[in-house]
Amino acid sequence: AQSVSQHNHHVILSEAASLELGCNYSYGGTVNLFWYVQYPGQHLQLLLKYFSGDPLVKGIKGFEAEFIKSKFSFNLRKPSVQWSDTAEYFCAVKSGANNLFFGTGTRLTVIP
Amino acid sequence: EAQVTQNPRYLITVTGKKLTVTCSQNMNHEYMSWYRQDPGLGLRQIYYSMNVEVTDKGDVPEGYKVSRKEKRNFPLILESPSPNQTSLYFCASSLSTGPSYEQYFGPGTRLTVT
Numbered sequence: 001a002q003s004v005s006q007h008n009h010h011v012i013l014s015e016a017a018s019l020e021l022g023c024n025y026s027y028g029g030t031v032n033l034f035w036y037v038q039y040p041g042q043h044l045q046l047l048l049k050y051f052s053g054d055p056l057v058k059g060i061k062g063f064e065a066e067f068i069k070s071k072f073s074f075n076l077r078k079p080s081v082q083w084s085d086t087a088e089y090f091c092a093v094k095s096g097a098n099n100l101f102f103g104t105g106t107r108l109t110v111i112p
Numbered sequence: 001e002a003q004v005t006q007n008p009r010y011l012i013t014v015t016g017k018k019l020t021v022t023c024s025q026n027m028n029h030e031y032m033s034w035y036r037q038d039p040g041l042g043l044r045q046i047y048y049s050m051n052v053e054v055t056d057k058g059d060v061p062e063g064y065k066v067s068r069k070e071k072r073n074f075p076l077i078l079e080s081p082s083p084n085q086t087s088l089y090f091c092a093s094s095l096s097t098g099p100s101y102e103q104y105f106g107p108g109t110r111l112t113v114t
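Chains as they are written, first to last, in my numbering: chain F, 1 to 112; chain D, 1 to 114.
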């Protein structure tokens, strides 16, 4: 069965610090990878996605993620976080079928 | 505006009282899905539908029912709610059923069963 692991449950950073959130998945075939963000009290919004091609994917709001196939990873990065990035971040995987498998989420708190 | 809507947004009910949470999308999407979100567990899929009259179980279907009589609507039915169904529920839709299609999420319904 597929699984998605997000090892950081809660990350606390000061503004301007760099961010990297880990995501690992278990599936050997072709995958499509997503990062979603959920701001407090809001629904999930797509940050970025990877389907094929360049493994370094750029998304909205300065976020990027790198797909490393050999490590089954799709880590999310941002060079300099802002207070407004405080949110919960979910990694998700889709593999051939229609259904998204989500990680358990990482809560990011950015201190001004 | 393209969107997924859910109603109600908040609901407090008692054990055993049947309820329905509606989901509607105005994007002519084929695929629709229900998730529940619980702390520490992320989002888990309850049911999904690949088109009208085509539904299937997700990872946690017990205690839920769905129907897809029209393309735009995908209600979630709890015939006899129990406290362990207290959760935050999200409906989502995507244009088609291929793996590369992005899912769009509704605003969520926070359900409390006492």
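Everything labelled a hint here was simulated from the structure, so no lab data went into it. Bear in mind that the values here come from a model prediction, so they are computed numbers and not experimental data. Every residue, glycine too, gets a C-beta built ideally from N, C-alpha and C. You may find that some hints are simply not true.
[Stated by the list, open to error] Heads up, simulated SDA-like pairs for lysine to any residue below, C-alpha to C-alpha not over 25 angstroms straight-line:
| hint | chain 1 | residue 1 | chain 2 | residue 2 |
| --- | --- | --- | --- | --- |
| 1 | D | Lys57 | F | Ser95 |
| 2 | F | Lys49 | D | Met50 |
| 3 | D | Lys57 | F | Lys61 |
| 4 | F | Lys69 | D | Ser100 |
| 5 | D | Lys57 | F | His43 |
| 6 | F | Lys61 | D | Ser100 |
| 7 | F | Lys49 | D | Ser96 |
| 8 | D | Lys57 | F | Ala17 |
| 9 | D | Lys65 | F | Lys69 |
| 10 | D | Lys57 | F | Ser26 |
| 11 | F | Lys61 | D | Ser80 |
| 12 | F | Lys61 | D | Gln3 |
| 13 | F | Lys58 | D | Lys57 |
| 14 | F | Lys49 | D | Lys65 |
| 15 | F | Lys58 | D | Gly16 |
| 16 | F | Lys49 | D | Gln37 |
[What the hints assert, rightly or not] Some chain F residues well away from chain D (every beta-carbon gap over 10 angstroms; in silico):
| hint | residue |
| --- | --- |
| 17 | His7 |
| 18 | Leu44 |
| 19 | Gln45 |
| 20 | Phe67 |
| 21 | Asn75 |
| 22 | Ser80 |
Hints, verified against the model:
Between Lys57 of chain D and Ser95 of chain F, the direct Cα distance comes to roughly 17 angstroms. Compliance with the 25 angstroms bound is thereby established for this hinted pair. Taking the CA atoms of Lys49 of chain F and Met50 of chain D, the gap is about 22 angstroms. The hint holds against a cut of 25 angstroms. A distance of roughly 35 angstroms separates the Cα atoms of Lys57 of chain D and Lys61 of chain F; the hinted pair therefore is violated under the 25 angstroms criterion. With a C-alpha separation of about 17 angstroms, the suggested pair Lys69 of chain F and Ser100 of chain D falls inside the 25 angstroms cut-off, and the hint holds.
About 23 angstroms separates the Cα atoms of Lys57 of chain D and His43 of chain F, which keeps this hinted pair within 25 angstroms; it holds. Taken as a hint, the Lys61 of chain F and Ser100 of chain D pair is honoured in the structure, with Cα atoms around 22 angstroms apart against an allowance of 25 angstroms. The hinted pair formed by Lys49 of chain F and Ser96 of chain D meets the criterion: a straight-line CA distance of about 16 angstroms does not exceed 25 angstroms. At most 25 angstroms may separate the alpha-carbon atoms for a hinted pair to count; Lys57 of chain D and Ala17 of chain F exceed this at roughly 42 angstroms.
Using a Cα cut-off of 25 angstroms, the hinted pair Lys65 of chain D and Lys69 of chain F is violated, with the two alpha carbons roughly 38 angstroms apart. Straight-line distance between C-alpha atoms of Lys57 of chain D and Ser26 of chain F comes to about 21 angstroms, which keeps the hinted pair within the 25 angstroms bound. Between Lys61 of chain F and Ser80 of chain D, the direct Cα distance comes to roughly 43 angstroms. Violation of the 25 angstroms bound is thereby established for this hinted pair. A threshold of 25 angstroms between alpha carbons decides the hint, and for Lys61 of chain F with Gln3 of chain D the separation of about 21 angstroms falls inside it, so the pair holds.
Using a Cα cut-off of 25 angstroms, the hinted pair Lys58 of chain F and Lys57 of chain D is violated, with the two alpha carbons roughly 33 angstroms apart. Taken as a hint, the Lys49 of chain F and Lys65 of chain D pair is broken in the structure, with Cα atoms around 31 angstroms apart against an allowance of 25 angstroms. Under the criterion of a C-alpha separation no larger than 25 angstroms, the hint pairing Lys58 of chain F with Gly16 of chain D is inconsistent with the structure, at around 47 angstroms. For the hint pairing Lys49 of chain F with Gln37 of chain D, the CA-to-CA distance comes to about 21 angstroms; that is within 25 angstroms, so the pair holds.
Chain D leaves His7 of chain F outside its interface by the beta-carbon criterion, the shortest separation being 13 angstroms against a cut-off of 10 angstroms. A Cβ of chain D approaches the Cβ of Leu44 of chain F within 10 angstroms, the least distance being about 4 angstroms, so the stated non-interface status is violated. Distance check on Gln45 of chain F: its Cβ comes as close as 8 angstroms (rounded) to a Cβ of chain D, failing to clear the 10 angstroms threshold; non-interface status is violated. No Cβ of chain D comes within 10 angstroms of the Cβ of Phe67 of chain F; the nearest lies about 14 angstroms off, and the non-interface call holds.
Once the 10 angstroms rule is applied to beta carbons, Asn75 of chain F is consistent with being away from chain D; the minimum gap is 17 angstroms. Interface exclusion of Ser80 of chain F from chain D stands, the closest Cβ pair being 27 angstroms apart, more than 10 angstroms.
In summary, the numbered hints that this structure violates are 3, 8, 9, 11, 13, 14, 15, 18 and 19.
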